[in-house]
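Whenever a hint applies, use it, and build me the whole structure from the sequences.
Line order of the protein sequences matches chains A and B.
So for the first sequence, the working numbering puts the first residue at 1; every next one is plus one.
So for the second sequence, the working numbering puts the first residue at 1001; every next one is plus one.
Hints are computed from structural coordinates only; laboratory data are not their basis.
Treat the hints with care, since some could be wrong.
[Unchecked claim] List time: in silico DSS-like cross-link candidates among lysine-lysine, alpha-carbon distance up to 30 Å: (1) A:Lys285 - A:Lys348; (2) A:Lys286 - B:Lys1022; (3) A:Lys153 - B:Lys1074; (4) A:Lys153 - A:Lys290; (5) A:Lys420 - A:Lys190; (6) A:Lys286 - B:Lys1074; (7) B:Lys1074 - A:Lys433; (8) A:Lys153 - B:Lys1022; (9) B:Lys1062 - A:Lys306; (10) A:Lys306 - A:Lys290; (11) B:Lys1062 - A:Lys153; (12) A:Lys290 - B:Lys1062; (13) B:Lys1022 - B:Lys1074; (14) A:Lys285 - B:Lys1062; (15) B:Lys1022 - A:Lys320; (16) A:Lys290 - A:Lys229; (17) A:Lys286 - A:Lys320; (18) B:Lys1074 - A:Lys233; (19) A:Lys290 - B:Lys1074; (20) A:Lys320 - B:Lys1074; (21) A:Lys285 - A:Lys153; (22) A:Lys290 - B:Lys1022; (23) B:Lys1062 - A:Lys286; (24) A:Lys172 - A:Lys153; (25) A:Lys38 - A:Lys21; (26) A:Lys38 - A:Lys153; (27) A:Lys172 - A:Lys320.
Computed from a predicted structure; not experimentally measured.
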Amino acid sequence: MTYIPHSSAERDEMLETIGVKTLDDLFKDIPAEHRFPKLDLPSALSEMEAGELLAELASYNETNKEMASFLGAGMYNHYVPSVVDHILRRGEFYTAYTPYQPEISQGTLQAIFEYQSLMTSLTGMELSNASHYDGATATAEAVNMAYAISRGKRTKVVLSPGVHPHYRETVKTYVQMQDIQVTGDDVSNKMDMSLESLVDQVDDSTALVVVQYPDFFGNLLDYTDLITKVHAKGALVCVVANPTALGLFKTPGEMGADIVVGEGQPLGLPLWFGGPSLGFFTTLKKHVHKMAGRLVGETVDSRGEKGYVLTLTAREQHIKRERATSNICSNQGLMALGSAVYLALVGKNGLKQVANLCYQKAHYAAAQFKKHGIRVVNDVPFFHEFVIELDEDVSEINEHLLHHGIIGGYDLSKDYPTLKNHMLVAFTEMNSKEQIDLFVETLAEEPHA
Amino acid sequence: MNTPSNLKYTGTDEWFDPASGKVGLSDFAQNSLSDIVFVELLVGVGDTISAGDHIASVESVKASAEVNSPVSGKVVAINEGAVETPDSLNSDPYGAAWLIQVEGASTDGLMDAGAYEVDCASRDH
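Listed below in structure tokens is the structure:
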């Protein structure tokens, strides 16, 4: 069938109405040689040939499926139960979009409602929006919101150097055309990672302090005291949290955080090729009118039956328009569903078990590194990720590890110039004891490690 | 449409009571916005404001609006009751739903009830 519904007669009529003779006349401003440039493409392949070519290209790829991976730094190699994929691929759900005519999409709304409920209970916060694109954009929206809560009167944001480097970059991209100054994360010299120094930077023009839990280096710090001190100066605190860690440790909500955001990928989403991903955003009820995105609520219809609605869309263009505090009006619906399915499936105890496995394996690895004379840099408790110091350039070592079937850790010198030869290594339930032993031994055998 | 004659009005639908110094949103405005679900006051007691400043943000089920101050002066009281019960702006726009109280304001440039009614009629399609 043709997807162009106009008949030739209708087309001629339209052309006559606007006063041109042929369709080509509409394109006369584009030089003729640029209208249909000759493309240097090989001849078309049959379906069978194309399939073979793609399979061959895919076979060059080395992935965490066949290799042992110790790379984390924001995205983590967790087991994804097959139920997640089965539900995601159901035709009823298979769209990335929040519906434009929401009330007729009760199933989608209910899924988002369940997702929101799960996220609030995970973070210990009062409400969750329907999600953002990823942890980085959720963090940037937290900055936007804190600025809006201060009604634009507080224009400074203090970012801890322990917040993911990409998130800090995203925040800076978001605020570059606004009257917001970002401070606290100069990493060019020796970093001051102490919480006291973050508090010291807070003044009466500070809207928000952003910290990460565990921080980018894996450190697990209780921010209760920091939050109390920041609140005393009238600013808010956003905690960027790893959702797996929240299954085992004190929640940022319990610490008194105003906003808790993070990357939802560890909850049932594969690593893919860096996305699509999921950003969760939770906060306190009193801030609901400044929150970006959508909020789904449960209600009863005119017959008294349970139903779901978009409770809050005021931030969106169609109501708030140019006065909206954010132009985000969509969510990451399909990925939020994936995380909701994962959390519902593993349950409270299952998530705790996953987190505990990660924790135990990381601590086993740390003990093994120490035993083999490799320095573990972290000097406070850590979760499933920590920093080791090596004697050689990390990218070179990683090249060597690849030959042993190992995807090595993250080269910290890329983002922290003072951390040359420092590797950030991550451990999850996917890493067997054998894999960990091989990793430690291979690094220990490195002539210069 | 209810337009009390003791009040003064702006072309952006705020009212000002010269006797008490109170400021609010007109009956015409609440009727155009329909059910008001959220009120946020953007000024506090002690603030000095100028005519035209945003003093509140109001959201209804179908629109959102900024409330401008009809007068210049010093804010001496704000009405938290309007924030707690946004629907009072619909049910009692000239009574319980006043928004702020201003001291030392002049009514220069404001419309009387008759002129405001004519203005509303010209905008009401």
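So, going through the hints one by one against the coordinates:
no.: 1; hint: A:Lys285 - A:Lys348; result: holds, 24 Å
no.: 2; hint: A:Lys286 - B:Lys1022; result: holds, 27 Å
no.: 3; hint: A:Lys153 - B:Lys1074; result: holds, 19 Å
no.: 4; hint: A:Lys153 - A:Lys290; result: holds, 15 Å
no.: 5; hint: A:Lys420 - A:Lys190; result: holds, 12 Å
no.: 6; hint: A:Lys286 - B:Lys1074; result: holds, 27 Å
no.: 7; hint: B:Lys1074 - A:Lys433; result: violated, 71 Å
no.: 8; hint: A:Lys153 - B:Lys1022; result: holds, 26 Å
no.: 9; hint: B:Lys1062 - A:Lys306; result: holds, 23 Å
no.: 10; hint: A:Lys306 - A:Lys290; result: holds, 27 Å
no.: 11; hint: B:Lys1062 - A:Lys153; result: holds, 28 Å
no.: 12; hint: A:Lys290 - B:Lys1062; result: holds, 17 Å
no.: 13; hint: B:Lys1022 - B:Lys1074; result: holds, 12 Å
no.: 14; hint: A:Lys285 - B:Lys1062; result: holds, 22 Å
no.: 15; hint: B:Lys1022 - A:Lys320; result: holds, 27 Å
no.: 16; hint: A:Lys290 - A:Lys229; result: holds, 24 Å
no.: 17; hint: A:Lys286 - A:Lys320; result: holds, 19 Å
no.: 18; hint: B:Lys1074 - A:Lys233; result: holds, 26 Å
no.: 19; hint: A:Lys290 - B:Lys1074; result: holds, 27 Å
no.: 20; hint: A:Lys320 - B:Lys1074; result: holds, 28 Å
no.: 21; hint: A:Lys285 - A:Lys153; result: holds, 22 Å
no.: 22; hint: A:Lys290 - B:Lys1022; result: holds, 27 Å
no.: 23; hint: B:Lys1062 - A:Lys286; result: holds, 21 Å
no.: 24; hint: A:Lys172 - A:Lys153; result: holds, 19 Å
no.: 25; hint: A:Lys38 - A:Lys21; result: holds, 26 Å
no.: 26; hint: A:Lys38 - A:Lys153; result: violated, 57 Å
no.: 27; hint: A:Lys172 - A:Lys320; result: holds, 24 Å
In the structure shown, a violation is registered for the earlier hints numbered 7, 26, in ascending order.
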